[in-house]
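**Student:** Based on the provided sequences and hints, a complete structural model is requested.
As given, the protein sequences belong to chains Y and U, one line each in that order. All residue numbers for the first sequence refer to the numbering used here, where the first residue is 546 and numbers rise by one. All residue numbers for the second sequence refer to the numbering used here, where the first residue is 12 and numbers rise by one.
Rather than coming from a laboratory, the hints here were simulated on the basis of the structure. Any given hint could turn out to be false.
In silico lysine-lysine, DSS-like type, Cα no more than 30 Å apart, as pairs [unchecked claim]:
{"hint": "1", "chain 1": "U", "residue 1": "Lys141", "chain 2": "Y", "residue 2": "Lys702"}
{"hint": "2", "chain 1": "Y", "residue 1": "Lys702", "chain 2": "Y", "residue 2": "Lys769"}
{"hint": "3", "chain 1": "U", "residue 1": "Lys147", "chain 2": "Y", "residue 2": "Lys716"}
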Amino acid sequence: MTDLTYSSAELMIINAARLLRDGDAVFVGVGQPNLACNLAKRTHAPNLVMIYEAGVIGAEPARLPLSIGDPTLVSGALSVVSMYDIFANYLQRGNVDVGFMGGAQIDKYGNINATVIGDYAQPKVRLPGSGGSQEIAAWANRCYIMTPHQKRRFPEKVDFMTSAGYLGGRKEREATGVRGGGMLAVVTDIGLLEPDETGEMVLTALHPGCTVEEAKINTGWDLKVTTELRTTDPVTEKELRILREELDPDGLYLK
Amino acid sequence: MTKLISLSEAISKHVQDRDTVYAAGFTHLIPFAAGHEIIRQRKRDLVLARATPDLIYDQMVAAGCARKVIWSYMGNPGVGSLRLVRGAVERGELEWEEYSHFGMITRLQAGASGLPFLPMNQVGVQDLEKANPLIKRIPDPYGGKEVVVVPALNPDVAIVHVQRADANGNAHLWGIIGEQKEAAFAAKKVILTAEEIVDESVIRSDPNRTMIPGLIVHAVCHVPYACHPSYAQGYYDRDNEFYMQWDRVSSSEEEVRAWLDEWVYGVKNREEYWEKLGAEVHERLRVKPRMSETINYGEY
Numbered sequence: 546m547t548d549l550t551y552s553s554a555e556l557m558i559i560n561a562a563r564l565l566r567d568g569d570a571v572f573v574g575v576g577q578p579n580l581a582c583n584l585a586k587r588t589h590a591p592n593l594v595m596i597y598e599a600g601v602i603g604a605e606p607a608r609l610p611l612s613i614g615d616p617t618l619v620s621g622a623l624s625v626v627s628m629y630d631i632f633a634n635y636l637q638r639g640n641v642d643v644g645f646m647g648g649a650q651i652d653k654y655g656n657i658n659a660t661v662i663g664d665y666a667q668p669k670v671r672l673p674g675s676g677g678s679q680e681i682a683a684w685a686n687r688c689y690i691m692t693p694h695q696k697r698r699f700p701e702k703v704d705f706m707t708s709a710g711y712l713g714g715r716k717e718r719e720a721t722g723v724r725g726g727g728m729l730a731v732v733t734d735i736g737l738l739e740p741d742e743t744g745e746m747v748l749t750a751l752h753p754g755c756t757v758e759e760a761k762i763n764t765g766w767d768l769k770v771t772t773e774l775r776t777t778d779p780v781t782e783k784e785l786r787i788l789r790e791e792l793d794p795d796g797l798y799l800k
Numbered sequence: 012m013t014k015l016i017s018l019s020e021a022i023s024k025h026v027q028d029r030d031t032v033y034a035a036g037f038t039h040l041i042p043f044a045a046g047h048e049i050i051r052q053r054k055r056d057l058v059l060a061r062a063t064p065d066l067i068y069d070q071m072v073a074a075g076c077a078r079k080v081i082w083s084y085m086g087n088p089g090v091g092s093l094r095l096v097r098g099a100v101e102r103g104e105l106e107w108e109e110y111s112h113f114g115m116i117t118r119l120q121a122g123a124s125g126l127p128f129l130p131m132n133q134v135g136v137q138d139l140e141k142a143n144p145l146i147k148r149i150p151d152p153y154g155g156k157e158v159v160v161v162p163a164l165n166p167d168v169a170i171v172h173v174q175r176a177d178a179n180g181n182a183h184l185w186g187i188i189g190e191q192k193e194a195a196f197a198a199k200k201v202i203l204t205a206e207e208i209v210d211e212s213v214i215r216s217d218p219n220r221t222m223i224p225g226l227i228v229h230a231v232c233h234v235p236y237a238c239h240p241s242y243a244q245g246y247y248d249r250d251n252e253f254y255m256q257w258d259r260v261s262s263s264e265e266e267v268r269a270w271l272d273e274w275v276y277g278v279k280n281r282e283e284y285w286e287k288l289g290a291e292v293h294e295r296l297r298v299k300p301r302m303s304e305t306i307n308y309g310e311y
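**Tutor:** Okay, here's the thing in structure tokens:
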């Protein structure tokens, strides 16, 4: 076995990339999700179509994009459309397979808070708000999120529900009739959480060397563990090389 | 008929205190020059609407131009927090109204098409609907699920920057086209700023690229480099370093005041601002050409 060293960010990006399938149309954010998608495209998913909420479809960024509207996303893309079109024709109509989410908090049922800590009208910490995430979480077929496994990021219940996981349970989400499949995996630096039949996020995999104890201590609810707990495949030299040499040579998002 | 006037004349004539202003551009073609001119002319009590307030509204809020901000993502894109708007909101000094991106853009789309409101599908969560009473639900008259509706947004003024326009305001833009067209059609008045003023024949050579017709434009201003630190596709790059630098500047009230004094109040116009940035920045933001294939419209 090779003895590779890597950061938490690299571990999460690589495991998120492995969730993507060849041919997926992915709604991508900048930073780590962008790296995960580009890594997947250069390994097992060459036909991945990257869609950016700024209205770019089929982007092939020649350099690391530093904002959601970086001009490198446009040059050489398949199509550029208005913001109304990207949300209506692509997302609402059901033409997006995967949505990568971000957010400050994620709860037991995969709901996300990106809006406010504390009271909405008198916010303790005002966060950026939904952007595209409210609609991505509802309408993309599959949603994923990458986040360091820390108790403050994993409360039992979020302060503000910016975007839907399974709400109060899978049945509640189903009752709303939203088209997407919801939060299918939370990739952390300890392992993977996936929804059980009730929509509760449970520990389904650990990264090599990580323990159930660590995962439990760093989760804000009583984290359940699946009976078939897996260990994720070790990070490979090839994955690390593509990330470090080709995609993010300055290591902006890899630390 | 030419609508060409200077930017300072356009702002003075078309932007009034208490107006609702929409400075368009989703990370691209953000009309910073017009924002700075509004600051210099000390406009007050504006309602500033934008999907992403970005640095342009952070600066206008810091300069005391705004009573209220309407947004759908209030951050410094690619960097983090939009400190001045955020601070003013957390201290209770600034009114705000909030949507998702789709909600915000749907408001403009309704405004642009002359409708009172437009529907969207439900999104499962309801917290934002509860926080903002302007977001409502109505039955689907055809028997489906209830839909979420938002009211039309019809700003008093839209400010739109484009790569090229003729003197009547017929405008070509390309790259990320965000909500420029919707903002222009939704607004009561449109101020257009352009990297280049071209002859009408250039516009007529490629009519499919005309996103904004002169017939809805009130003023056309020739303002090269109007977007810095944002960018104009094919003309100059986004100044990511500035966006990061702003994170530092905006963490101190004193530094913000000094920055506004030096870069907004201390310069006459965008030309002076761009010169002041200096050759090193100009060089850093220069882009190599990458031309599209031309198309054949045919001679009929």
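**Student:** Within 30 Å, alpha carbon to alpha carbon, are Lys702 (chain Y) and Lys769 (chain Y)?
**Tutor:** holds, 16 Å
**Student:** For the pair supplied as a hint, Lys141 (chain U) and Lys702 (chain Y), confirm whether the alpha-carbon distance does not exceed 30 Å.
**Tutor:** Roughly 18 Å separates the two Cα atoms, so the pair holds.
**Student:** Holds or violated: Lys147 (chain U) with Lys716 (chain Y), Cα cutoff 30 Å?
**Tutor:** holds, 24 Å
The structure shown violates none of the earlier numbered hints.
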